[in-house]
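Trainee: Protein sequences, first through last, are from chains R, B, F and W.
Position 191, counted from 1, in the first sequence is what my numbering calls 191; the numbers after and before it change by one each time, with no gaps.
Converting from the second sequence to my numbering requires adding 1000 to each position, the first position being numbered 1.
Converting from the third sequence to my numbering requires adding 2000 to each position, the first position being numbered 1.
Converting from the fourth sequence to my numbering requires adding 3000 to each position, the first position being numbered 1.
FYI, nobody ran anything at the bench for these hints, they're computed from the structure.
Wrong hints could be hidden among the right ones.
Here are a few chain F residues that face chain R, going by a calculated C-beta distance under 8 Å [unchecked claim]:
(1) Met2001
(2) Leu2023
(3) Arg2078
(4) Arg2079
(5) Val2106
(6) Arg2150
We put the beta carbon where it would ideally sit given N, CA and C, even for glycine.
Letter by letter, the chains look like this.
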Amino acid sequence: MPSLFFFIREAAIGLRRSGLMTVLSLCTLAVSMLVLGFFLLFTVNVNNLADFFVSRLEIRVFFRDDITRRDKRDFHTVVQGFDTVREVEFVDKAVAWETLKQQYSGTQLTRYIDKNPLPDTMIIRVTDQTKIQAMVSKLETYTTVVDDIVYGGYITERIQLLSKWLRISGWGFNALLLLATLMIIVNTIRLTIMARHNEVEIMQLVGATRWFIRWPFVIEGFVLGVVGSTVSVVMLKFSYDAVAKYIQQQFPFMPLIFNSPILWWIYAGLFIIGTVLGVMGAYISISRTLE
Amino acid sequence: MPSLFFFIREAAIGLRRSGLMTVLSLCTLAVSMLVLGFFLLFTVNVNNLADFFVSRLEIRVFFRDDITRRDKRDFHTVVQGFDTVREVEFVDKAVAWETLKQQYSGTQLTRYIDKNPLPDTMIIRVTDQTKIQAMVSKLETYTTVVDDIVYGGYITERIQLLSKWLRISGWGFNALLLLATLMIIVNTIRLTIMARHNEVEIMQLVGATRWFIRWPFVIEGFVLGVVGSTVSVVMLKFSYDAVAKYIQQQFPFMPLIFNSPILWWIYAGLFIIGTVLGVMGAYISISRTLE
Amino acid sequence: MIAIQSLSKLYDNDCYGLNDVSLAIDQGEFVFLVGPSGSGKTTLFNVLHGRERPSSGRAQVLAYELTRLLADQLPVLRRDVGMIFQDYKLLPKRTVYENIAFVLQVLHYKRRRIHQLVHQVLDLVGLTNKAHDYPRALSGGEQQRICIARAIVHQPRILLADEPTGNLDPDTAWDIMQLLGKINQRKTTIIVATHDWRIVNKMRRRVVRLMNGSVVSDTIMGHYA
Amino acid sequence: MIAIQSLSKLYDNDCYGLNDVSLAIDQGEFVFLVGPSGSGKTTLFNVLHGRERPSSGRAQVLAYELTRLLADQLPVLRRDVGMIFQDYKLLPKRTVYENIAFVLQVLHYKRRRIHQLVHQVLDLVGLTNKAHDYPRALSGGEQQRICIARAIVHQPRILLADEPTGNLDPDTAWDIMQLLGKINQRKTTIIVATHDWRIVNKMRRRVVRLMNGSVVSDTIMGHYA
Ligand SMILES: Nc1ncnc2c1ncn2[C@@H]1O[C@H](COP(=O)(O)OP(=O)(O)OP(=O)(O)O)[C@@H](O)[C@H]1O
Ligand SMILES: Nc1ncnc2c1ncn2[C@@H]1O[C@H](COP(=O)(O)OP(=O)(O)OP(=O)(O)O)[C@@H](O)[C@H]1O
Ligand SMILES: [Mg+2]
Ligand SMILES: [Mg+2]
């Protein structure tokens, strides 16, 4: 039984001697993976953005600077008294500032502001979005405690709709793209192997078994898949980081995904998809050619 | 000089006798065009949606049903009196209803509602988005005329940001996709022609000029381009219409693009891109092979 | 060894490649297959090599009944039946050395043994200095000799040689025939399709003559008129 | 017609295909090119046909100086210089008819004339019944004859025939040679590379012998020892 090393060497010879053909398939593979990757990143960011907007549909009460702990506690009791309140969260201005600084650590934000500009805040989430306005009107009367109130209003449902729509169509489009990538890669590898069907025929004529012929081609597919997806993942990571950083600087409050495990999942997923497609494409093509 | 017809016949022979190869390149071409097309449609819709939200950042005053013309005119004078008002528009409930019915003619909307449910409305656009809340508070006091007021509030700037971001990243991604499609199609046609380089060499050996060899291949590329992009455009149109109709029924107030000339521009553009790429890909490949 | 009974091969275009051929060849025989162009010599070889299925009749090669050969058995058959192809069929992207070594790799020979055997056989056909060239850099006759080397390197039990000297000068051709004769002495059954009547007449072996797909004569120690 | 002066062809692998060859061939001559396998016959043809650039020396064919041939002139040269390739080089995806017709289409012949000429030449090589088969469905000798038919159908002024009878039985081979002789009588210059000493000796024409890329003898009414 010949060693795996033998087949790997054979695959290397095949790839090297098909030169331009190898380069063309590699490019096609990397490009289609890159497109898929970009769109995945785009989708998760848009979804994140939409989540961000939806989650912001709440009432934010900014306290005056000159009030006491006691005032706040009293106000809290008042708010708890409303029957439409689902949840009340108290955000200390120091904590809020820390969070903000951490969130936008990549930007210029903290360079120019060194004193905490944020007030203490109470975040109120309601059980019924339509009652927000009524509640705001009542809260506004507590002028001794409340400095300002912001809230979403009628746009709430629209935003939720938008978010839902973006999510559905984004993932739908991703599924389509995955399918397309799959087809393009398999077709490309198929074309590459078809161009060598004479070679395969000659191998059969001198007594090589199917598996003996198949292995090097499958390994070639594997190598194409690994190299192609590595190239695309690396390009993806660097260009995403660059673009995201740029956008973040332009629009500091835009909630982009940075250093999140989801990014690593995407990169790993792409790598696996590319590799699997390379192997599968080669396996299918060579099997058809062998028939 | 052989006729164009001769070259067309030659191209047809080439395509037919390369059977599977033709099918594979055709699929690849159609699939990548389809992806490009879908994303174009997606982008214009998202942009449209964002525009829709931004343009809705205005104060809408819904009048009570029981007021007179006179009341409205008086109220109009009051509104004009504010120094932050940029524009005031009065929408008659009958007109609003007609517009709505027309906009959503594809949906079930008008089937279930036969009485006009809309009130007369006044739309106020302000010069400074930050003053909206103050104005709303004042307008709310005219309870004899005003039934309800809706407005955007603090989300305004966020929405504008979102819109801008979506637009930039959407078109950036489209450019990338166009490039990818270009590469994939050219690579695929290149692989297809490379597989026939022996054929080309033999033609040269029996004294065929470059153009004599080139023409049929270029025509093959043209045919691949035309057929591939026609397939993708037809699939695109039907699936877009179906999907858009479905979404419209699910979310009747979602402003999707229907029957707009922009759709026809996209379809025509895709067709032209596919055709040009087919011809260009073939021309480049065959020229390289001839060297 | 080889037993053919009323074998016919009808091609898709209604052309009979072989028409009711019966033939028996024993182990260790040396047979010339002659006949005009298009008489079915290559077709017969292709059937014996499992490349073409016969349309009717029976053909037994070694332990294999070709009319019901399983896909798995084909490679095994081909290791026992070496063939020198009329159109060479060398792997274009492998060097001469690799082309010949491939047959041994298929048979799982050790690397050192492969090296030894390939150089031995290249020496036999006189092309040691071309070992690392690609087939396209060889002359017609050189390619033919590589094809011969590939067919004999693993010492198959049956050797089918289709026009093995068509592109060789008379001296080299005669050397190759002598070589085939020597291989035959090691009990390898050899069938040679050829148009070279000088060689046929000089060797004085069994001669089977085909015409339009049928055997028209079968003579021991025959000659080519 | 053909004038070669100290022509050399050194291949990339440092192998001399031709080494200081000088040769003059007049219009209407019939020349046999002989020599052992690998002596440079095909290389000489490839140079004359513009497939390989000579490394040094000069080669004039008709009005073309091959050492400085422009890319545009190559197709024109090849219409005047027909070649029968040792490895056939038929278009695999075209029928026999289309393969031959292609040469005439390149020359912008009318469709009706093409039809007439192709059938005439197929008749000459005895393969009218194979007109609509693909090359892969032909025997070695049949492919060779198609290649001959393609090379002569447009009556080139020079015909280079590389081993045109290597896969033919003696009778067909002799017929083909007679045919080439007939074409030669119409003032077509013919050079035939061959190993078939019987034909060379029977035809009694000029014989140029190559060895390791050099001309070692050039005899009028020569023969092949
Ligand atoms: N794949 C095929 N499909 C159709 N017909 C074929 C096929 N292969 C061969 N033939 C026909 O069968 C006949 C016998 O062909 P074969 O190749 O066996 O001849 P041959 O004896 O080897 O001739 P040669 O000496 O010229 O090589 C020929 O007429 C040929 O045209
Ligand atoms: N493309 C090439 N690259 C390198 N060497 C080559 C190339 N083509 C031919 N040769 C070498 O040049 C020499 C002459 O080859 P050529 O094909 O001219 O021989 P030939 O006389 O036609 O032989 P045959 O009778 O076997 O066809 C041979 O040794 C061959 O290996
Ligand atoms: Mg044959
Ligand atoms: Mg030669």
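Trainee: Against this structure, judge whether each hint is valid.
Mentor: How the hints compare with the structure:
A distance limit of 8 Å between C-beta atoms decides the matter here; for Met2001/F the minimum to chain R is near 18 Å, and the interface restraint is violated. For Leu2023/F, the interface hint is violated, since its Cβ never comes within 8 Å of a Cβ in chain R; the closest pair sits about 22 Å apart. Hint on Arg2078/F holds. Least Cβ distance to chain R is approximately 4 Å, under the 8 Å limit. For Arg2079/F, the interface hint holds, since its Cβ comes within 8 Å of a Cβ in chain R; the closest pair sits about 4 Å apart.
The interface hint given for Val2106/F is met, as the beta carbon of that residue sits about 5 Å from the closest beta carbon of chain R, less than 8 Å. Taking 8 Å as the C-beta contact cut-off toward chain R, the hint placing Arg2150/F at the interface holds, the least distance being around 7 Å.
Hints 1 and 2, counting from the list given before, are not met by this structure.
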